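Peer 1: Those protein sequence lines, which keep their order, are chains S and L. Residue numbers for the first sequence, in the working numbering: 1 to 405. Residue numbers for the second sequence, in the working numbering: 1 to 405.
Hints were generated in silico from the structure; no laboratory data involved. Treat the hints with care, since some could be wrong.
One copy or any two copies: either way a pair holds, since identical chains are not told apart in the list.
[As the list claims (entries may be wrong)] Straight-line C-alpha distance at most 30 Å; calculated DSBU-like pairs for lysine-lysine:
| id | residue 1 | residue 2 |
| --- | --- | --- |
| 1 | K134 | K120 |
| 2 | K351 | K266 |
| 3 | K133 | K301 |
| 4 | K283 | K368 |
| 5 | K283 | K140 |
| 6 | K365 | K299 |
| 7 | K340 | K121 |
| 8 | K162 | K27 |
Owing to the predicted nature of the structure, the values given are computational and were not obtained by experimental measurement.
Given next are the chains, with one letter for each unit.
2 protein chains.
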Amino acid sequence: MKATGIVVEYNPFHNGHLHHLQQTRIKTNSDIVIAVMSGNFLQRGEPALVDKWTRAKMAIAAGVDLVIELPYAFATAQASDFAKGAIFLLDALECHSFCFGSEEGSLEAFQQTYNLLSTKKDEYNTVIANSMKKGNSYPKALNEAYTEISKDATVPLVDLSKPNNILGYHYIQAANLLNSAIQPETIQRIVANYHDDASNTETIASATGIRKLLFTGHNLTEVNTYMPSTSLEGLKEWESTNHSFGSWEQFYPTLRLLILRSSREKLNQIAEITEGMENAIWKAAMAHANFEPFMQQIKSKRFTWTRIQRMLTHIYTGFTWDQLRDIQSPTYIRPLAMNKQGQAYLQSIKKDLRLPLISRVAASKGDKQLQLDLKATDLYYLGLQASYGQSMVGSDFRTAPIILE
Amino acid sequence: MKATGIVVEYNPFHNGHLHHLQQTRIKTNSDIVIAVMSGNFLQRGEPALVDKWTRAKMAIAAGVDLVIELPYAFATAQASDFAKGAIFLLDALECHSFCFGSEEGSLEAFQQTYNLLSTKKDEYNTVIANSMKKGNSYPKALNEAYTEISKDATVPLVDLSKPNNILGYHYIQAANLLNSAIQPETIQRIVANYHDDASNTETIASATGIRKLLFTGHNLTEVNTYMPSTSLEGLKEWESTNHSFGSWEQFYPTLRLLILRSSREKLNQIAEITEGMENAIWKAAMAHANFEPFMQQIKSKRFTWTRIQRMLTHIYTGFTWDQLRDIQSPTYIRPLAMNKQGQAYLQSIKKDLRLPLISRVAASKGDKQLQLDLKATDLYYLGLQASYGQSMVGSDFRTAPIILE
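Next comes chain S alone, as it looks inside the complex:
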């Protein structure tokens, strides 16, 4: 069986994701598609709309064969570490390839870009450092540096101001640094709000757009058009038990208490918190009872919104610089859900795996990364503040991979 990999968050799974999934299977000519998926906290530094189990089920119901959890330490990391953790796992799962959606759409441009940046690494880093000294954010500095070193290029390059191109670049980089035979592929992303000519109705919206609809009081049938019916069912099931969707607005009272209970010194030990951000965060928490104005007070030219949200995620879970520095690469493979084909594939590679395969958590409970995943999952449920969340505490320890079909 030939397996390919994708890196996903599915927050929630929508028609754009379905397109990516179907095209991946065709383009890589694979029997099996394995998705490495973030758990309950995401790369944008946010709690997920619905928990990882519900999202994993949606993925299988829509055609993914096997969903593997990307451990917390990678799922909530900056792009390079996020990509490193995900590609490492896909490689460990013996995928012959992986395929990502990008604004670019051509793999050659990514390879050329990677070659250029590798060759001109020192120049690139110097421009980045100088730009950041001027107070620019990291992404802005990257962009300046990239414009500078690519200005005389004669080969096609990727536009690294586009979010999916940036992630794609990091996947390519991760695969190269891993020194693995895993083969990258990319497909062009369908633009959100694209009009389907056949029916002239919108069927693609971004996950951000869908979340916005859900958070502004639109009911589930209104997001129906943007996702497979299986996703709608997953959201409905979640809504019927939990009554609301995970968001920083909902988690903010708890986050605020955690910030104000901390000293500035303790906040300073939290992963990603640097340059006096502990003071800015503490003061904003003291001043604001709602998440949006709290963030408006903190945000600066220096740090992107998602970077700040990652700091907040780490405050929420108590994840420290020491813990972050301690982590190199994923130490286990934890399947969340699979279909019969996914199960058969896992069975076929089981004996060769270089990482422990965790289906019963109890057997691996000493693993630090796993402890962190269990804790993040429990804290996610507690942030929901509803009796459903309270009842789910400790469940991640006991839940076995879901097998559908």
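Since chain S is already given, all that's left is putting chain L on it; use the hints.
Peer 2: Leaving out everything else, chain L in the frame of chain S:
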């Protein structure tokens, strides 16, 4: 002006407190009654029913002249430190006396008991240590030791199995250790459920009994008979803004999150947590979504319910052994509320005070004990989980003493 002091929690102020207040004024022949009152967390290790400002207003409305906050570190401490902090403050406020309610009612018995325990200190401590080695709780060990050393006594002694006698004993001890001229007095406590012969209706209930009524769905008019109308108004005002009364049941979801976010090592650094209690607390939090079964799982022969609740209070506020060890005696006098007489009294002693008088917090914000009080107050409001609580964060820093009449 002659001032006397009382040590109170007023959770909430009821007819028994009114009796104590009136009798204190008569017995000590004083113009001014000063109450040292716990803030938002109490000696039983519980969040207060209503915040300290509301309780201070109730006290003034019922006839107290001046309410001073007992700092968090003393208010939530075991009886000896609670008493030490309170008597220290009353002495610093130049009270010529203090008067406590006791089951005993005779000061002579307290003095004799203090003399006996001072003389037989070594024997007393040996019996305590031996009893605790057998796994008994500290209060039980005290009781055994006391029975042992008092068995041949020829003078009247206090029954130290009674809660108010125990507190009273510690007040006497604190006054003696302070080497102060402050004069103790005691009056007999009116027993809860006492029947007033005149009307044959109950007008006295314990604060515990009143809280129980409030938490079991009884409305405010049903507790009316046990408290002055001024207290009822205070509770009504609180209910109209906050919609609920502070309790561990209400604070438990947040406490649970704080426990599960901590490592066992971190819990072990929290004040009062010893002998593996960090494990018992962590496991119980993992297992239970409600406070009562959580406590039932933790409680043991070794630790009293209130001792465990004090551990939980310190977890909630993040108060550590290091902070506890750092604290000797109160470092400031913070008036919460007063009437005109109380104000005049404060004015008259102001220039002689050996502790800073805090009416504007901003001027004293570097004080560690005060920082702790501000933090505990903010965390109390956040535990209420209602928009009123959210809006009150930071207010303690800005609130000036309330002057009534």
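Peer 1: Are the hints correct? Go through all of them and say.
Peer 2: Outcome of the hint check:
1. K134 / K120: Answer is within: at 22 Å inside a copy they meet the 30 Å cutoff, but 73 Å across does not.
2. K351 / K266: Cα proximity of K351 and K266: none, with 44 Å in one copy and 39 Å across.
3. K133 / K301: Only inside one copy: K133 and K301 sit 12 Å apart there, 61 Å across copies, limit 30 Å.
4. K283 / K368: between (32 Å within a copy, 18 Å between copies)
5. K283 / K140: Classified as within; 26 Å inside a copy, 46 Å across copies.
6. K365 / K299: Cα proximity of K365 and K299: across copies only (27 Å, versus 38 Å in one copy).
7. K340 / K121: neither (45 Å within a copy, 75 Å between copies)
8. K162 / K27: within (23 Å within a copy, 81 Å between copies)
Violation of the numbered hints given earlier is confined to hints 2, 7; the remaining hints are satisfied by the structure.
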